[in-house]
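So the chains spell out like this:
2 protein chains.
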Amino acid sequence: MSASTALMTDRYELTMLDAALRDGTASRHCVFELFARRLSGGRRFGVVAGTGRLLGLLRDFRFGDEELRFLRDAQVVSPETVRHLESYRFTGSITGYREGELYFPGSPILTVEGTFADAVILETLALSVMNHDSAVATAAARMSIAAGDRPLAEMGSRRAAEASAVAAARAAYIAGFGATSNLEAGRRWGIPTMGTAAHAWTLLHDTEEEAFRSQIASLGVDTTLLVDTYDIRRGVELAVQVAGTGLGGVRIDSGDLPLVAAEVRAQLDALGATGTRITVTSDLDEYAIAALAASPVDAYGVGTSVVTGSGYPTAGMVYKLVARQDAGGGWVAVSKKAEGKGSQGGRKGAFRRLDGGVAVEEHVEIADGFETLPAAADVAGSRALQAVLVEHGDIDPAAEGTQGVVAARAHHLAVREELPVRALALSKSDPAIPTVFSDAGDR
Amino acid sequence: MSASTALMTDRYELTMLDAALRDGTASRHCVFELFARRLSGGRRFGVVAGTGRLLGLLRDFRFGDEELRFLRDAQVVSPETVRHLESYRFTGSITGYREGELYFPGSPILTVEGTFADAVILETLALSVMNHDSAVATAAARMSIAAGDRPLAEMGSRRAAEASAVAAARAAYIAGFGATSNLEAGRRWGIPTMGTAAHAWTLLHDTEEEAFRSQIASLGVDTTLLVDTYDIRRGVELAVQVAGTGLGGVRIDSGDLPLVAAEVRAQLDALGATGTRITVTSDLDEYAIAALAASPVDAYGVGTSVVTGSGYPTAGMVYKLVARQDAGGGWVAVSKKAEGKGSQGGRKGAFRRLDGGVAVEEHVEIADGFETLPAAADVAGSRALQAVLVEHGDIDPAAEGTQGVVAARAHHLAVREELPVRALALSKSDPAIPTVFSDAGDR
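Chains as they are written, first to last, in my numbering: chain A, -15 to 427; chain B, -15 to 427.
Isolated chain A, as found in the complex (with noise of 0.2 Å):
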């Protein structure tokens, strides 16, 4: 197996950057926009996420011998070509909205700039990442927001691709979730992990009572037993009578929720168990934590619909280019007419305008060609949405690994407090703020 990113591309990227090694055009500047033309499912905001390991794998971004040979054989590119790409990696720059902040229809959230031989050909991995991370993470703070101060953990690796569970579990985590149940993600990118039993544990021993005397003594009585294998009633009080009212909780994964967590917790208090909490497993998304609310639970697991972004599993980003250098040497804003499909062309510089401490408006300037776009402190009462992620090639560190994971969760985190009270509700809507673009030449 390679370890290389760089087949994770459409072919026409290729073959575009082919003719245009021909014809010249290949070392023309160029300015790619990644953004989002609207939010999916009528979301009042989304959230920014996959740039940490988007990064990675840019590192990854080479064509190493088995690639080149892939690409020769199978006369995707001439020779010449070929031979472009033994030596390629991305030395442009990556200016971008930082991992965890929220976006709004047009947010510039990446901006890529170099000669269109450099930046053409991240189009589909860039997409690929950013649109399956942030869709993730918009639905995961929607259902984080949902739960408000009670704990939520990922355990959707069973319903996604086994490589997209992992990402996932990243995804949820900056967007609030507490903990995941997938290993990998937990050693690959440092977040908590937690699990319970599965129902194949009580039916491996010949007895419900066997297998929870089993599970505490390997994991103590503070763990979590599952207690729907049978019988719920029955499970909860054989699981007071074998770990005592020091049970750390109990897990009910089917049934109608909110009767059955108000029966669970009558019966564990009637019992003498008053600390042992209750966790819910059953399809929860959004809406069914949302209804919750009111229900003595006190966790939640997620798993299908936060991996599989809660109806909407890709964000819709999209990667156009929107300035290059013509001829000459200057600079040209450019935008595609397509009926529905439309972009808005030149290089852009965003702002979150403020009002309060509350968010009123994705403020974004336009810039025709090489202007200097304002800084942060020009435009009162903003935040400036954009940071440097890569300079010349050279990626920044603090915003990969482990420790971006932890910065985009902590940003997140701060940046969600910034939404008005609308955008906090679940139901379909416009954005809670609308996009305002302006010509930076008219200030």
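Each hint should be verified, as a subset may be incorrect.
One copy or two, either will do: identical chains are not told apart, so a pair holds if it fits within one copy or between any two.
Straight-line Cα separation of at most 20 Å, EDC-like style, residue types lysine to aspartate or glutamate; simulated pairs [to be verified]:
| id | residue 1 | residue 2 |
| --- | --- | --- |
| 1 | K412 | D49 |
| 2 | K412 | D190 |
| 3 | K412 | E64 |
| 4 | K321 | E194 |
| 5 | K321 | D240 |
No lab work stands behind these hints, which were simulated from the structure alone.
Knowing the structure of chain A, use the given hints to seat chain B on it.
Structure of chain B alone, referenced to chain A:
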């Protein structure tokens, strides 16, 4: 980066193993079954995909130094269990539906036999792979049926996490797509790759004409030109002007496709480019493809909807303990009773009953214990659905790698012919054929 897949696993698999090694149940022989309780989205059939990928990942399901260090440092399991995992490799057996096969509710898609210690820890990885790949393949098969003889290409890499994109391209190909835009899917799985050009290609050039001329110089006159960057009518005119009437194709990525396709066809014909093909690629799913059946479209490119399972990104399969040894070494069929999530205990044999070559029933024989299940020939007018994929740890090489993909696609296209006509409709419904369970002892 580690190439091990062993930590793509929920934490509770390993804590259950830990407790089972302590209490002696780890050595009990077990039968786990991977199946779907229902077909998500009111689909009329499901398509099994991922099997060959899973077998490859199973080879890498070993705990190396990095994995063991993490488990030790994070105290996920006891030092004794860490030592047990050092030498872990799966030495059990897996019987399963051939990749590309159809499945229905309760079909025993995979049957994993081994000690509890051997088999329980494969749950997460097996479900991750099969749930994702089967969801994509099921959606892809519906699109392939809707497209009829017109070629279909998978172009959704940018709307799926980077590794899932490769798996999705593979699953779509197995289910009838003819090509993918994803180069890694070409390299790793031998899938034909294709591509046209992006809007950025046109925008990079000073004029649309220069972009078209350059693409033709590089890729030849048989290439497909993207004609909707500015104005489709003008784009088509220019395309034929530049390429001549021998132009291979034009791609339309926006607008009201039935209307636009008809206009473009008329315009191409009027210009004499009667052999120029029309490829459409804008937000297609199986319904949009079906709606274009009467339009003059020559090929479809499908993105988001195929890689996200067209609204159902996971197949919802589960992995359940269905039989095990008891303390005395006898076999016990086991099943849970949890509300709405019950399972059917016992090892199973599966056959598709056919009447005049048309599938009429998914017939599942249940054995309580070690009884021999009937062989294919024993059940008249039936086709046996299970094959041995792994025997005492030895993986069938024919099910893996590129040859596995070729076999799976051929098998899928063959068995799809057995579907009754009503299975081919796209609307939500019950499964096309019923699943009937019978006790092997009763025959």
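So, going through the hints one by one against the coordinates:
1. K412 <-> D49: neither (49 Å within a copy, 48 Å between copies)
2. K412 <-> D190: For K412 and D190, neither the intra-copy (49 Å) nor the inter-copy (42 Å) Cα distance is at most 20 Å.
3. K412 <-> E64: Intra 51 Å, inter 52 Å, cutoff 20 Å: neither.
4. K321 <-> E194: Intra 68 Å, inter 18 Å, cutoff 20 Å: inter-copy only.
5. K321 <-> D240: Answer is between; shortest inter-copy Cα gap is 15 Å, intra-copy 51 Å.
Hint compliance for this structure: hints 1, 2 and 3 are broken, all remaining hints hold.
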